[in-house]
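Listed in order, the protein sequences are those of chains A and B. Just so we're aligned, residue 14 is where the first sequence starts under this note's numbering, counting upward by one. Just so we're aligned, residue 14 is where the second sequence starts under this note's numbering, counting upward by one.
In short, the hints are calculated from the structure, not lab data. Glycine residues also receive a C-beta, built at the ideal position from the N, C-alpha and C atoms. One should not assume that every hint holds.
[What the hints assert, rightly or not] Label-pair ranges, simulated between beta-carbon atoms:
| id | chain 1 | residue 1 | chain 2 | residue 2 | range |
| --- | --- | --- | --- | --- | --- |
| 1 | A | Arg119 | B | Pro43 | 30 to 40 Å |
| 2 | A | Pro264 | B | Ala44 | 49 to 59 Å |
| 3 | B | Ala44 | A | Arg285 | 32 to 42 Å |
[Stated by the list, open to error] Pairs of lysine to any residue, SDA-like flavour, derived with a Cα cap of 25 Å:
| id | chain 1 | residue 1 | chain 2 | residue 2 |
| --- | --- | --- | --- | --- |
| 4 | B | Lys369 | A | Gly251 |
| 5 | A | Lys402 | A | Asp17 |
| 6 | A | Lys297 | B | Ala362 |
| 7 | A | Lys297 | B | Gly245 |
| 8 | A | Lys369 | A | Asp17 |
| 9 | A | Lys297 | B | Asp367 |
| 10 | B | Lys297 | A | Arg221 |
| 11 | A | Lys369 | B | Leu361 |
| 12 | B | Lys297 | A | Arg364 |
| 13 | B | Lys280 | A | Val368 |
| 14 | A | Lys369 | B | Asp104 |
| 15 | B | Lys369 | A | Leu42 |
| 16 | A | Lys297 | B | Leu361 |
| 17 | A | Lys369 | B | Ala244 |
| 18 | A | Lys275 | A | Thr289 |
[Unchecked claim] Some residues of chain B that are not near chain A, with every Cβ distance over 12 Å (derived):
| id | residue |
| --- | --- |
| 19 | Ser24 |
| 20 | Leu63 |
| 21 | Val170 |
| 22 | Pro197 |
| 23 | Gly208 |
| 24 | Gln291 |
| 25 | Ala359 |
| 26 | Pro416 |
Protein chains: 2
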Amino acid sequence: MDTDFVARQQSRLLGELSDFLAIPSVSALPAHAADCRRAAEWLRAELSRLGCPAVQLIEGDGHPVVWAEGPAVPGRPTLLIYGHYDVQPPDPLDEWTSPPFEPTVRDGRLYARGAADDKGQVFCLLKAYEATLDADRRPPLNVHFIFEGEEECGGHVISDLLRAEPERTRADAALVCDMSYYAPGWPAVYTALRGLCYAEISVRTLERDLHSGTYGGVAPNAIETLVRILAGLKDESGEILIPKLYKSVEPPSKEELRVWKKLPFDKADFLRDEVTGQALTGRKEYSIFERVWALPTFEIHGIKGGFVGEGAKTVIPAQATAKVSLRLVPGQDYAKVGRLLERAVAALAPRWADVKVTLLHGGDPVQVDVDHPAFALLDEAFASVTGRKAVRVRAGGSIPIIPELGLTGAPVLLSGIGLPDDGLHSPNEKLDLAQLWSGIEIFGRFYELLAERGGPTAPPPA
Amino acid sequence: MDTDFVARQQSRLLGELSDFLAIPSVSALPAHAADCRRAAEWLRAELSRLGCPAVQLIEGDGHPVVWAEGPAVPGRPTLLIYGHYDVQPPDPLDEWTSPPFEPTVRDGRLYARGAADDKGQVFCLLKAYEATLDADRRPPLNVHFIFEGEEECGGHVISDLLRAEPERTRADAALVCDMSYYAPGWPAVYTALRGLCYAEISVRTLERDLHSGTYGGVAPNAIETLVRILAGLKDESGEILIPKLYKSVEPPSKEELRVWKKLPFDKADFLRDEVTGQALTGRKEYSIFERVWALPTFEIHGIKGGFVGEGAKTVIPAQATAKVSLRLVPGQDYAKVGRLLERAVAALAPRWADVKVTLLHGGDPVQVDVDHPAFALLDEAFASVTGRKAVRVRAGGSIPIIPELGLTGAPVLLSGIGLPDDGLHSPNEKLDLAQLWSGIEIFGRFYELLAERGGPTAPPPA
Chain A
14 MDTDFVARQQ SRLLGELSDF LAIPSVSALP AHAADCRRAA EWLRAELSRL
64 GCPAVQLIEG DGHPVVWAEG PAVPGRPTLL IYGHYDVQPP DPLDEWTSPP
114 FEPTVRDGRL YARGAADDKG QVFCLLKAYE ATLDADRRPP LNVHFIFEGE
164 EECGGHVISD LLRAEPERTR ADAALVCDMS YYAPGWPAVY TALRGLCYAE
214 ISVRTLERDL HSGTYGGVAP NAIETLVRIL AGLKDESGEI LIPKLYKSVE
264 PPSKEELRVW KKLPFDKADF LRDEVTGQAL TGRKEYSIFE RVWALPTFEI
314 HGIKGGFVGE GAKTVIPAQA TAKVSLRLVP GQDYAKVGRL LERAVAALAP
364 RWADVKVTLL HGGDPVQVDV DHPAFALLDE AFASVTGRKA VRVRAGGSIP
414 IIPELGLTGA PVLLSGIGLP DDGLHSPNEK LDLAQLWSGI EIFGRFYELL
464 AERGGPTAPP PA
Chain B
14 MDTDFVARQQ SRLLGELSDF LAIPSVSALP AHAADCRRAA EWLRAELSRL
64 GCPAVQLIEG DGHPVVWAEG PAVPGRPTLL IYGHYDVQPP DPLDEWTSPP
114 FEPTVRDGRL YARGAADDKG QVFCLLKAYE ATLDADRRPP LNVHFIFEGE
164 EECGGHVISD LLRAEPERTR ADAALVCDMS YYAPGWPAVY TALRGLCYAE
214 ISVRTLERDL HSGTYGGVAP NAIETLVRIL AGLKDESGEI LIPKLYKSVE
264 PPSKEELRVW KKLPFDKADF LRDEVTGQAL TGRKEYSIFE RVWALPTFEI
314 HGIKGGFVGE GAKTVIPAQA TAKVSLRLVP GQDYAKVGRL LERAVAALAP
364 RWADVKVTLL HGGDPVQVDV DHPAFALLDE AFASVTGRKA VRVRAGGSIP
414 IIPELGLTGA PVLLSGIGLP DDGLHSPNEK LDLAQLWSGI EIFGRFYELL
464 AERGGPTAPP PA
């Protein structure tokens, strides 16, 4: 590996990453479909430049999957690298200090939508690959790249692809760099991710909005009805009131609980700097780690209905809608939870309302067996650069495709170079440049360790 | 009165009214301030054309009040005519069959925002006045016109004016034509109106939106907090849970309840044609008339928060807002009710949220003494055209200025030519043209009856 790679080329690297981040590849918004394609094309060009023959854009019912294979290195293991080039919508726009798609460096941090989630991390893995190319531009091992454009919107182009061609996941290890350090100086690998069940609940009580004077007292109000249903799905203590929801939840292992208890954690800092709130919520009988890593949640993401313009309008609204989701933990199944949600909403729906639950997308929770030898190699790579092995934690978030990446038995290494205050999905998302530069070295080293000691080559695709 | 007035001039009248309705005088939306002024100017020109000397646009902190006095008719009584030239916002626009500010006749009905509330009715009173002008264009009695532009938005230009110059309300009777028939063929006068207390409730739980995976389980969700507060303000049976709210409510009189029991009413028709819903809500221990006329209500008019775009975004929202109002009944006071609401919300606010109640506007409920002889004259006018006297009912709606129109003791006649299915505040608001044409005759006759038998002239303004 070229250990001076970063030192010599920081300004080129920063320019390239800024170009990638400037593409507003917001997968959830149809108006940005062409931008998503531009981001995929950016990756295609980059992978070609890095020497991958025949980079593919694989089309489906949505944004394309980018697939590439580095030059074959016989006798060496195969690493599958996953990432996503799509980003979350940037709103609320007025809370960004610099515009979300005009990458800007302030105090050693690069601010842009996607800086940490996940374009900056995809970029880190690509540059680590570039740094390990030899004088003939050959990598130390077989690397397959798969980058999707629908991680943030629940599309299924990648999962359709892997269902049709599961051999694409045949590898000695899969690396997913969409996560963060546990804390500055504390690299992490993840033993579990929560799953997701995302839905829209819509209520109609009238054919048309009515005058609240003339009909107030007898006409059913759609917002009020929706509000009462939502309030009936979770109580103030944080307990979700969907019957049978907790039944299949598997509690964390004793070993996990032991490790979590020893993690450095300052509740006051967490509340002030990360949550930016006045008090925490949730089930007090569980620790904070258990609440965010090992318990399901129910959140309302958005709500609208009636008159929300300036001033006052006295209508009884005919319809109202909310977007909600549940995070799921090992033991739970997102299709089953979707049915439990539908049933719970139906039970709360009064006779005066048409109430509809539309399941928008979801993914099962993930549990990773971190005993595979590849994890020790990743530890070694982290330790060589940061002085510390990766701590075993969980994540509250979800990457729906993870179970499918492990289809053919490759261990899935969930890790990353983000920091907890990166502001994923929030205004002013950022990536610390020091994390990027050290990350390129860490993952370059990991590729080399895996090349040397990563076990037998996976058999070639059938 | 020129009894052929309408028959000869329908097409001119329809053209004039359409011009008036085409002005989008939406008082609640700052972008339409110039349109409100155009509507006021339209009235100024019309009143001048009708022979009123020195029409005034009285300015204040909002949209102007239009004031005019017909030529003085010594020895005859004075009638004060009130109406409003502003209209409700037209949204949801996509539910209109023809655009709200392109007046369109279909099946004998004129569709436009403001057709019934209140421009069409203001127009009816002006044309009734025109029809009673003699060959020298002199009216049969003294008429003072006061038209405001803030009835729908809670502005206070008119109330500031009347507080400063209460003598403007000195009259033998005040006529407010902003109401509807009880049913087709059943003209009505109103013995009470509900008051209004309109407020915005806003909740902030975080400085910024958070990722629902990373922080779901411990971070307070602003929408969830708002939803729980709203659900805590009213139960599913329709009982409002604001402490002490019902304490001062005065029940309707036995005579009122007796009249209401005999009104023609078909609950199935009401539900299907007017409410356009599947079932009624509200307090089952009271009749429908009591629920809409004699009990306070709490309604949520609009709600917003978080991500409401297309697709899925997994944020924990930092803030959320709802617009709400209470309708008030005789015995209640809007300022006091505002304080009760603030207190109830504060009691429901959890420690993790900043919850703010902003009182936007309001008005006290109205009770009218319908024993004054002017009501018998209005009955006579109605009977002469429709064959039926005006039935005594209440209205669930509010006209905040009414108490102030009666400042100097003039009886306030609340009546109108609308029909219950006019769709006030809704898409496809309309006015039946047959109601307009007969209304011009009815009110022309009322002016003449009042001129002949309406008692002594009010003393001239001091």
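Evaluation of the provided hints:
1. A:Arg119 / B:Pro43: 30 to 40 Å: holds, 36 Å
2. A:Pro264 / B:Ala44: 49 to 59 Å: Because 56 Å falls inside the window, the suggested range holds.
3. B:Ala44 / A:Arg285: 32 to 42 Å: holds, 40 Å
4. B:Lys369 / A:Gly251: holds, 23 Å
5. A:Lys402 / A:Asp17: holds, 23 Å
6. A:Lys297 / B:Ala362: Between A:Lys297 and B:Ala362 the Cα gap is close to 19 Å, so the pair holds against 25 Å.
7. A:Lys297 / B:Gly245: Holds: A:Lys297 and B:Gly245 sit about 22 Å apart, inside 25 Å.
8. A:Lys369 / A:Asp17: violated, 58 Å
9. A:Lys297 / B:Asp367: Holds, because 21 Å separates the two Cα atoms, which is no more than 25 Å.
10. B:Lys297 / A:Arg221: Answer holds: B:Lys297 to A:Arg221 is near 24 Å, not above 25 Å.
11. A:Lys369 / B:Leu361: Status violated; Cα separation ~29 Å.
12. B:Lys297 / A:Arg364: holds, 15 Å
13. B:Lys280 / A:Val368: holds, 24 Å
14. A:Lys369 / B:Asp104: holds, 23 Å
15. B:Lys369 / A:Leu42: violated, 33 Å
16. A:Lys297 / B:Leu361: Within the cut-off at roughly 20 Å; holds.
17. A:Lys369 / B:Ala244: Measuring from Cα to Cα gives roughly 20 Å; hence the hint holds.
18. A:Lys275 / A:Thr289: Given that 25 Å is the threshold and the Cα spacing comes to 24 Å, the pair holds.
19. Ser24: About 31 Å separates B:Ser24 from the closest Cβ of chain A, which puts it past 12 Å; holds.
20. Leu63: holds, 31 Å
21. Val170: holds, 15 Å
22. Pro197: Since the minimum Cβ distance to chain A is about 16 Å, B:Pro197 lies beyond 12 Å and the statement holds.
23. Gly208: About 10 Å separates B:Gly208 from the closest Cβ of chain A, which leaves it inside 12 Å; violated.
24. Gln291: Non-interface label fails for B:Gln291: nearest chain A Cβ at 5 Å, not farther than 12 Å.
25. Ala359: holds, 15 Å
26. Pro416: holds, 16 Å
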